[in-house]
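Protein chains in written order, with this note's numbering: chain A, 22 to 174; chain B, 11 to 121.
No lab work stands behind these hints: they were computed from the structure.
Predicted model only: the values in this text are computed from it and were never measured.
Ideal Cβ positions, reconstructed from N, Cα and C, are used throughout, including at glycine.
Treat each hint with caution, since some may be false.
As the list claims (entries may be wrong) - Per label pair, the in silico range of CB-to-CB distance:
| no. | chain 1 | residue 1 | chain 2 | residue 2 | range |
| --- | --- | --- | --- | --- | --- |
| 1 | B | E60 | A | N68 | 27 to 37 Å |
| 2 | B | N85 | A | Y144 | 30 to 40 Å |
| 3 | A | T67 | B | F50 | 27 to 37 Å |
| 4 | B | M116 | A | Y144 | 34 to 44 Å |
| 5 | B | S98 | A | E100 | 22 to 32 Å |
| 6 | A | K139 | B | L117 | 18 to 28 Å |
| 7 | B | N113 | A | S70 | 31 to 41 Å |
| 8 | B | G53 | A | A124 | 37 to 47 Å |
| 9 | A | N167 | B | K69 | 24 to 34 Å |
| 10 | A | N68 | B | F50 | 23 to 33 Å |
| 11 | A | Y65 | B | M11 | 29 to 39 Å |
| 12 | B | S67 | A | S70 | 15 to 25 Å |
What the hints assert, rightly or not - Pairs of lysine-lysine residues, derived as BS3-like cross-links and limited to a Cα-Cα distance of at most 25 Å, are as follows:
| no. | chain 1 | residue 1 | chain 2 | residue 2 |
| --- | --- | --- | --- | --- |
| 13 | B | K106 | B | K40 |
| 14 | B | K71 | B | K18 |
| 15 | B | K42 | B | K106 |
| 16 | B | K105 | B | K40 |
| 17 | B | K12 | A | K141 |
| 18 | B | K18 | B | K42 |
| 19 | B | K33 | B | K48 |
| 20 | B | K71 | A | K139 |
| 21 | B | K19 | B | K57 |
| 22 | B | K95 | B | K19 |
| 23 | B | K69 | B | K33 |
| 24 | A | K23 | B | K71 |
| 25 | B | K69 | A | K139 |
| 26 | B | K42 | A | K23 |
| 27 | A | K115 | B | K48 |
| 28 | B | K71 | B | K95 |
| 29 | B | K12 | B | K114 |
| 30 | B | K48 | B | K71 |
| 31 | B | K12 | A | K115 |
| 32 | B | K69 | A | K141 |
| 33 | A | K23 | B | K106 |
| 34 | B | K71 | B | K33 |
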Amino acid sequence: MKIIYSCYGGAHTSIVAASIHLNLLPTDRVPFIKEIMSIPYYDYITNSSIGIPLYMGRDNQSNDIYVLGMGACRTQLTELIYNYALYCNIHSKKHLHVVNSIALINLPVRVGGFMSKKLKLMYIGKPITAYGIRKDYRLYAELVQNVKDTLQA
Amino acid sequence: MKYIYVFKKNDYAALLAAYIHLKMDYKHIKTKAIEPMKLFFMGIDHKLNEVYIIKSSCKIKILINILNGLATIFNHSIIIINLSKYDSFFYRINKKELNRSINKRMLEWRL
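When you get a sec, could you build the whole thing from the sequences and use the hints?
Given below as structure tokens:
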């Protein structure tokens with residue numbers, strides 16, 4: 022099965038959610054800012070690369086985990102992804118799961134993301150996004166647990 | 011191989027390109043409002059390639075990146091043709107020039 026964690030740019034929230042899914046970040050405690058900033062592809066994607074899926078790895082159940090930024094048209098693009106899989110006739114909708122993590126975004130993540138991507142102030146923006154993610158980290162862990170429970174059901 | 015014609019405003023240009031690609035009669039094309047962000051299957055050409063059109067409601071670059079990414083994820087080969095050049099007012103009213111321009115580029119797209 023292919024699981025795609027999506028958000029606006031594919032640089033922060035979706036990367037963290039995918040990392041939790043792959044056990045790169047802990048679920049029993051809140052990680053430090055340095056731990057969050059050191060996960061692969063964190064704050065990596067540029068504005069021109071929004072839409073390019075990043076392969077994060079394979080989980081314990083052999084599901085392929087991807088991260089994808091969708092910009093502003095997330096609902097329509099999510100539908101498009103499912104329709105594309107259906108058109109291929111090889112993969113039905115059951116073999117694909119798109120998880121939207123944009124709902125977990127908070128003010129520090131927005132501000133940090135803006136500073137990092139639009140103003141190119143990565144040294145300031147990146148830690149601010151990590152701080153914002155750390156603030157609501159439990160919600161990320163809950164989202165990933167819900168996804169894993171859904172897959173097992 | 012899948013050919014996907016991506017456009018934003020000029021529905022006629024996409025339909026024309028697809029009709030020319032499929033060697034169908036394009037003199038009587040009627041454009042109804044094409045729903046955005048949905049893949050429309052137009053047919054299979056003489057080389058057994060599938061031809062689709064898709065209207066973009068977001069930034070075309072994001073859509074093209076996503077389509078390329080999906081092709082990589084599912085191991086498909088696709089060719090995306092961006093028709094946003096023909097979204098200008100000039101091409102929307104001047105169908106003869108649009109026809110000429112697309113016919114001229116069609117050889118290049120199918121190579």
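Next item on the list: With a cut-off of 25 Å on the C-alpha distance, tell me whether K42 (chain B) and K106 (chain B) pass.
Entry: Satisfied, since the Cα-Cα distance of roughly 20 Å is no more than 25 Å.
Check: Does the structure keep K12 (chain B) and K114 (chain B) at a Cα separation of 25 Å or less?
Finding: Roughly 21 Å separates the two Cα atoms, so the pair holds.
Check: At the C-beta level, are Y65 (chain A) and M11 (chain B) separated by a distance inside 29 to 39 Å?
Finding: 31 Å, holds
Check: Has the given pair, K106 (chain B) with K40 (chain B), been kept, meaning a C-alpha gap of at most 25 Å?
Finding: Answer holds: K106 (chain B) to K40 (chain B) is near 15 Å, not above 25 Å.
Notebook entry, point to check: Holds or violated: are the alpha carbons of K69 (chain B) and K33 (chain B) at most 25 Å from each other?
Noted result: 30 Å, violated
Check: Given the hinted pair K71 (chain B) and K18 (chain B), is their alpha-carbon gap at most 25 Å?
Finding: 11 Å, holds
Next item on the list: Go ahead and decide if the range 27 to 37 Å is satisfied by the Cβ distance of E60 (chain B) to N68 (chain A).
Entry: 31 Å, holds
Margin query: Just to be sure I understand the hint, the distance between the Cβ atoms of G53 (chain B) and A124 (chain A) should be within 37 to 47 Å; is that true here?
Written below: 40 Å, holds
Margin query: Tell me if the straight-line CA distance from K23 (chain A) to K71 (chain B) falls inside 25 Å.
Written below: 23 Å, holds
Notebook entry, point to check: Do the alpha carbons of K115 (chain A) and K48 (chain B) lie within 25 Å of each other, as the hint requires?
Noted result: Holds - the C-alpha atoms of K48 (chain B) and K115 (chain A) are around 19 Å apart, at most 25 Å.
Next item on the list: Take the C-beta atom of N68 (chain A) and the C-beta atom of F50 (chain B), compute their distance, and say whether it sits inside 23 to 33 Å.
Entry: Holds, since N68 (chain A) and F50 (chain B) (Cβ atoms, about 29 Å apart) stay within the stated range.
Next item on the list: For the pair we were handed, K95 (chain B) and K19 (chain B), check the Cα-Cα distance against 25 Å.
Entry: 10 Å, holds
In terms of the numbered hints stated before, the structure departs from hints 4, 6, 17, 21, 23, 26, 33, 34, listed from lowest to highest.
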